[in-house]
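S.K.: Chain R is already provided as a structure; the job is to place chains E and C on it using the hints.
Residue numbers (our numbering), protein chains in the order written: chain R, 1 to 207; chain E, 1001 to 1253; chain C, 2001 to 2379.
One or more of the hints may lead you astray.
[To be verified] The following label-pair restraints were derived from C-beta to C-beta distances: (1) ASN1195(E) to PRO2264(C): 52 to 62 Å; (2) TYR1028(E) to LYS2257(C): 29 to 39 Å; (3) LYS1152(E) to TYR88(R): 27 to 37 Å; (4) MET1(R) to ALA1160(E): 29 to 39 Å; (5) ASN2170(C) to ALA1187(E): 45 to 55 Å; (6) ILE24(R) to GLN2055(C): 58 to 68 Å; (7) VAL2367(C) to PRO1251(E): 56 to 66 Å.
Source of the hints: derived by calculation from the structure; they are not laboratory data.
Note that beta-carbon positions come from the ideal geometry of N, C-alpha and C, so glycine has one too.
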Amino acid sequence: MIGIIDYGSGNVQAIATIYKNLNINYQVITKPEDLVKADKLILPGVGAFDATMQQLIDSGLKDKLNELVLGKKVPVLGICVGLQVMGYKSEEGNLPGLGWIAGKVSRFDENKIKFKPKLPHMGWNTINDVQNHKLFEGIDRDFGFYFVHSFYFECEKEHNILTTSNYGGEFTSSIYANHIFGTQFHPEKSHGNGVQLFKNFAELELC
Amino acid sequence: MLRSRIIPCLLVHNKGLVKTVKFKEPKYVGDPINAVKIFNEKEVDELIVLDIDATRENRGPNLEMIKNLADECRMPFCYGGGITTVEQARKIINLGAEKVALSYSALNNINLCQEIGAIIGNQSVVVVLDVKKKKLFGGYDIYTHNGTKKSKWKPDDLVAKLEEIGIGEIVINSIDNDGTMQGYDTALVENIRKNCSMPITVLGGAGTLDDIKNLISKFKIIGAAAGSLFVFKGKYRAVLINYPNRQERKPLY
Amino acid sequence: MKEIDYQICTNCVMDTTDSKISFDDKGICDHCNTYYKDILPNWHTDERGDRALKQIVKKLKKEGEGKDFDCLMGMSGGIDSSYLLYVMVEKYGLRPLVFHVDAGWNSQIAVNNIERLVDGLGLDLYTEVINWEEIKDLQLAFFKSGVPHIDVPQDHAFFATMYKFASKHNIKHILTGGNYSTECVRNPLEWMYYQSDSIQLRDIYKKYGTGKLKDYPVSNILWHKIYLPYIKGIKLIKPLDYIPYDKDKAMQLLVDKYGYQKYPQKHFESRFTRFYESYWLPKKFGFDTRKVQYSSLILTNQMTRNEALEKLKSPAYDPETIHQDFQYIATKLGISVEELQSYMDAPNKTYKDYKSQDNIYNIGAKVMRLIGLEKGGKR
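Excised from the complex, chain R in its bound form (with noise of 0.2 Å):
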């Protein structure tokens, strides 16, 4: 069962949408208890980065997650600012995010970025693979997928960049350790690629 994590951010009913119409038991999880009954979580996230890690801490859900992510090795899948709030802290705010993967939120160079309007980077834009990875099979890099963010993820070490995008530069658009996922673009919104994604993440067999 894949546990969709309804904290107040994110289009949690998109994805629910599409594992109902892929026949995969879903349930949307908004208290701390029912995280225990996933086999894989999937964290949605939309805005900014301290309302979003604030939301995270009142939902309740945030201990429960470490423990079952960090400690359960509990596989999860974050999107944009739920990939986000993964890392040690983001340029954007003030508050520690969960400290998941090693890395930082960051704000993309303007001076780097040609044409107006230079923030957020909004729209359908391709992946390259960094690694291959099953979660990606199936899917159409040129199609791409659609992204709407300012800020985004660095990772420490380069063994946990999937894939990376360009925008006024190279960026990292998805991340993985072992059983941890991140994509910075919304599958939920990438027509038939978010569909294979989350098709892709829902039968993925990790230990």
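M.R.: For chains E and C alone, kept in the frame of chain R given last:
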């Protein structure tokens, strides 16, 4: 590389989809749900749906319709029409929309943009400017209530204010070019773009894919929205939903 | 109700789910025998057919001189009307106005295919959009009535609109994709009653509809079977009956030439028809229209009986995605999934439970067959 967004824009009137010409003579186009489903299957970049009666009828958004439409969208979905409170905006986002579009309610109370942005995130707040050329001396006026009431806001002032507040996107909708399929008003866009660093989407006048290509070529990164182009076909303006497929989009960027 | 022993035709795959079926001493059904006796001997797709069609085309071209188009062609996006369009324009040089009726259920494939062909052949398109709120109400009324023929609202609108348009613009010839090649076996009346019976339509709407049908085009049998053809001189032509028509070859040609998209099954250009034929009819009534379609293909040597039997072993609908379709139908109709299910579970009715013009059809059909104007047909 980031691609400019090509966005179908649908108008809802009396529960059905319509297309107008210069905001008048609504022609019935059909059921919104099936149209959105087809656009989704055609993998459109984004979709805008505007309820053109809500403000004039002084009523709020039809949440049931919004939910049904959002359910069909595997791409970003922007809804506008009759949103006057933060609570409505929040509900609409929870139903699965990505963005909410404001027109009259923002012009009437500019702080609403900030209030809504604080709850759903600034990136999700879109302001639509319906503009018409002034009769004399050049320049443009902003209109609300489906093109029937002139706003006191001047386009430049409004854009500056929105830039100061920080919202997700502005949609420049040309009333003069609406439904004419004779091309976008690029002079208008240039004018606004000069002093604006926010994302801009242009609506009104697209008649061929070349219009979109030319818009993107001129402005590099921009939202190219269209109604008639993606809903009509041929000289009889036969209703037939269309949108370039993945291959056909490539030459447009 | 009398229990009938199950029996399936030894030649095609029609069986006793068609309760009026009869078999000869070889176990061959009356559908097959009607085909061999009445249809096949009079059906010519060789030089005779070509000659006859050329005569018709000559007449159409003459009447169309100086006009923007010489005939009206109904186009659903389906393979029959699409292939017809291609042939009549490319091989016979006609200039049709392509006419499409949007009843609110178009699939993306249908819309794509119409666009590809209209663009590829350089034709003009005219679309009539049916008032969705009204047809929605009518559709719901049909669900509530419990009858099998719930596809009537779409079909009726299609024909009524096309005839009205032809009549209004004085167009004498309507070309449709109806054909013997894939339709020589017709759906039994018990499965699909006449879509043109407006008495039945109005009675069902009166009993279960909630509003008024103001914009929805209601035709009537006398108007379109007698007044239009015999008084206004508007004729319906089925050109695909004059030429060789192999469905698979036709499909491939359109794919290669125009970027046509294939449909998983006949009539899948409408989301509703797909749901209706693959799920609602078989599940609620035990009527599987694939038997009719495959039997036609068997008789015209485009499919073997074994292939048909093999395909019929699995359900027509996709069990993985049917819940999505069910949900979509309910959402479109503005009802809950539970309410839609309640109509599925309600008692089955037939066309006889409501007012109808079926006696007129019976007399009419007999007359037509007597004077040789119609071969085979519904029963």
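S.K.: So the hint says 56 to 66 Å: do the beta-carbon atoms of VAL2367(C) and PRO1251(E) match that?
M.R.: Holds, since VAL2367(C) and PRO1251(E) (Cβ atoms, about 59 Å apart) stay within the stated range.
S.K.: Holds or violated: 29 to 39 Å for the Cβ distance of TYR1028(E) and LYS2257(C)?
M.R.: Holds - the Cβ-Cβ distance for TYR1028(E) and LYS2257(C), about 34 Å, lies within 29 to 39 Å.
S.K.: Assuming the hint says 27 to 37 Å, is it satisfied by the Cβ distance from LYS1152(E) to TYR88(R) or not?
M.R.: Violated, at about 48 Å.
S.K.: Should the hint that ILE24(R) and GLN2055(C) are 58 to 68 Å apart at their CB atoms be regarded as holding?
M.R.: holds, 60 Å
S.K.: Between MET1(R) and ALA1160(E), does the C-beta distance stay in 29 to 39 Å?
M.R.: Since the Cβ atoms of MET1(R) and ALA1160(E) sit about 50 Å apart, the hinted range of 29 to 39 Å is violated.
S.K.: Can the suggested window of 52 to 62 Å be confirmed for the beta-carbon pair ASN1195(E) and PRO2264(C)?
M.R.: holds, 53 Å
S.K.: Between ASN2170(C) and ALA1187(E), does the C-beta distance stay in 45 to 55 Å?
M.R.: This hint holds: roughly 46 Å between Cβ atoms.
Comparing the model with each numbered hint stated earlier shows that hints 3 and 4 do not hold.
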